[in-house]
Amino acid sequence: MNKQTNNVSQFHSKEQIQEQACLWISRMDRGLSPNEQQDLVTWCNQNTSHHSTLLEMAAYWDDISVLNELSGLFPLEKNNQPRNKFAVFALAASVALVSLLGANTLMSKSFLPFLPSLNEHTLTQTQTLSSPIGKQSTFTMNDGTHIQLNTNSVVEVAYTASYRQLTLVKGEARFDVAKDKSRPFTVTSGEKSFTALGTIFNVQKDGDHEMELMVTEGRVLITKASAAIEIIKQTLLTSNEHTSAKDLPGILVTSGEKAVIEQHIATPVQKVSLDQVQRDLAWQQGMLVFDGELLSKALVEISRYTSSHFEIVDPQIANVKVSGYFKANDVDGLLASLNSNFNISFSKRADNTILLALAE
Numbered sequence: 018m019n020k021q022t023n024n025v026s027q028f029h030s031k032e033q034i035q036e037q038a039c040l041w042i043s044r045m046d047r048g049l050s051p052n053e054q055q056d057l058v059t060w061c062n063q064n065t066s067h068h069s070t071l072l073e074m075a076a077y078w079d080d081i082s083v084l085n086e087l088s089g090l091f092p093l094e095k096n097n098q099p100r101n102k103f104a105v106f107a108l109a110a111s112v113a114l115v116s117l118l119g120a121n122t123l124m125s126k127s128f129l130p131f132l133p134s135l136n137e138h139t140l141t142q143t144q145t146l147s148s149p150i151g152k153q154s155t156f157t158m159n160d161g162t163h164i165q166l167n168t169n170s171v172v173e174v175a176y177t178a179s180y181r182q183l184t185l186v187k188g189e190a191r192f193d194v195a196k197d198k199s200r201p202f203t204v205t206s207g208e209k210s211f212t213a214l215g216t217i218f219n220v221q222k223d224g225d226h227e228m229e230l231m232v233t234e235g236r237v238l239i240t241k242a243s244a245a246i247e248i249i250k251q252t253l254l255t256s257n258e259h260t261s262a263k264d265l266p267g268i269l270v271t272s273g274e275k276a277v278i279e280q281h282i283a284t285p286v287q288k289v290s291l292d293q294v295q296r297d298l299a300w301q302q303g304m305l306v307f308d309g310e311l312l313s314k315a316l317v318e319i320s321r322y323t324s325s326h327f328e329i330v331d332p333q334i335a336n337v338k339v340s341g342y343f344k345a346n347d348v349d350g351l352l353a354s355l356n357s358n359f360n361i362s363f364s365k366r367a368d369n370t371i372l373l374a375l376a377e
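Residues in the sequence shown are numbered from 18 upward in steps of one, following the numbering used here.
Among the hints, a few may not be true.
[To be verified] Here are the simulated DSS-like pairs of lysine-lysine, each with C-alpha atoms no more than 30 Å apart in a straight line:
hint: 1; residue 1: 196; residue 2: 152
hint: 2; residue 1: 338; residue 2: 365
hint: 3; residue 1: 365; residue 2: 152
hint: 4; residue 1: 198; residue 2: 241
hint: 5; residue 1: 338; residue 2: 152
hint: 6; residue 1: 314; residue 2: 365
hint: 7; residue 1: 288; residue 2: 241
hint: 8; residue 1: 198; residue 2: 288
hint: 9; residue 1: 152; residue 2: 344
hint: 10; residue 1: 196; residue 2: 241
hint: 11; residue 1: 288; residue 2: 187
hint: 12; residue 1: 187; residue 2: 338
hint: 13; residue 1: 338; residue 2: 288
hint: 14; residue 1: 187; residue 2: 198
hint: 15; residue 1: 288; residue 2: 314
hint: 16; residue 1: 152; residue 2: 187
hint: 17; residue 1: 314; residue 2: 338
hint: 18; residue 1: 365; residue 2: 187
hint: 19; residue 1: 288; residue 2: 344
hint: 20; residue 1: 344; residue 2: 365
hint: 21; residue 1: 314; residue 2: 152
hint: 22; residue 1: 344; residue 2: 187
hint: 23; residue 1: 314; residue 2: 344
hint: 24; residue 1: 187; residue 2: 314
hint: 25; residue 1: 241; residue 2: 187
hint: 26; residue 1: 288; residue 2: 196
Quick caveat, the hints were computed from the structure, so don't treat them as lab data.
Use the sequences and the hints to build the structure in full.
Right under this line is the structure:
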């Protein structure tokens, strides 16, 4: 019995590696950022099969640009392990079809019969969602899930018949998740994954090492990004509101709670008041709310909504406490408010820098 279970585990692991390799190829086609290149190197170095599968997928896909980029990142290696070439080809071909035809075409009823039905891990929807600086964008997935992106945010979507995997590349997003216990809905960012248990939740990524999760409905399970999908799926199928947190393969965050991840380490889960939830998530209504934050801290948040750069000329105003409601994309209105309510003057330079000083 144990031997059979181990074989099943290895099968799923191989399928997951193939799926991840396909996702990396699609990202390389659109161009990798320096951080993504480092993430790719890290992923390939985690296991020799990661690198070899990636090369094999690129070869089957006949993607010369990807092969050239890989040759620059890694020396080519021979792969002596036997492979199920038909399975690899079918999986790569299905992802290629997504890239060529688009997710909407693939999900139409007239085209579905022609999709390869090799196994339940075949990709059925891939998509990159993004929002410009100073704007919010809303998307509805084929399963009914609603995703709202805050300013300058990017989310990559990969759906199969057995799971829903998303990557928060940068920025902040709200996920109103359609319930489906048979298909885990997991958002990965950095080294952490957030799996919804019938949920509305918000994830904000600040740089490469800091994230914040806030749950407004349901429950979210925080795990390592490398956690096996099958373990998470089994957790979904067997857990309920009475399941003890110690019996779960991660940290459980419930409605009205938030968790902060710093340097890949999750701090203790915090209870948050309704007022704090409304302040933190005011961006979803296009607003920014400050309640006594220092100006220096408020400017960090404001900077996310503009291409301008703020510079405090008078150090004494950095500790001025700012309160009020502001339109997220109305920087001029915010500057006028700082001038009239907090006696802070401003001037603009040609290089798009805004200088702040104490008004005379």
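Here is what the structure says about each hint:
no.	hint	result
1	196 to 152	holds, 28 Å
2	338 to 365	holds, 23 Å
3	365 to 152	holds, 22 Å
4	198 to 241	holds, 20 Å
5	338 to 152	holds, 26 Å
6	314 to 365	holds, 20 Å
7	288 to 241	holds, 22 Å
8	198 to 288	holds, 26 Å
9	152 to 344	holds, 11 Å
10	196 to 241	holds, 22 Å
11	288 to 187	holds, 25 Å
12	187 to 338	holds, 28 Å
13	338 to 288	holds, 24 Å
14	187 to 198	holds, 27 Å
15	288 to 314	holds, 22 Å
16	152 to 187	holds, 14 Å
17	314 to 338	holds, 9 Å
18	365 to 187	holds, 28 Å
19	288 to 344	holds, 27 Å
20	344 to 365	holds, 20 Å
21	314 to 152	holds, 21 Å
22	344 to 187	holds, 22 Å
23	314 to 344	holds, 17 Å
24	187 to 314	holds, 20 Å
25	241 to 187	holds, 18 Å
26	288 to 196	holds, 24 Å
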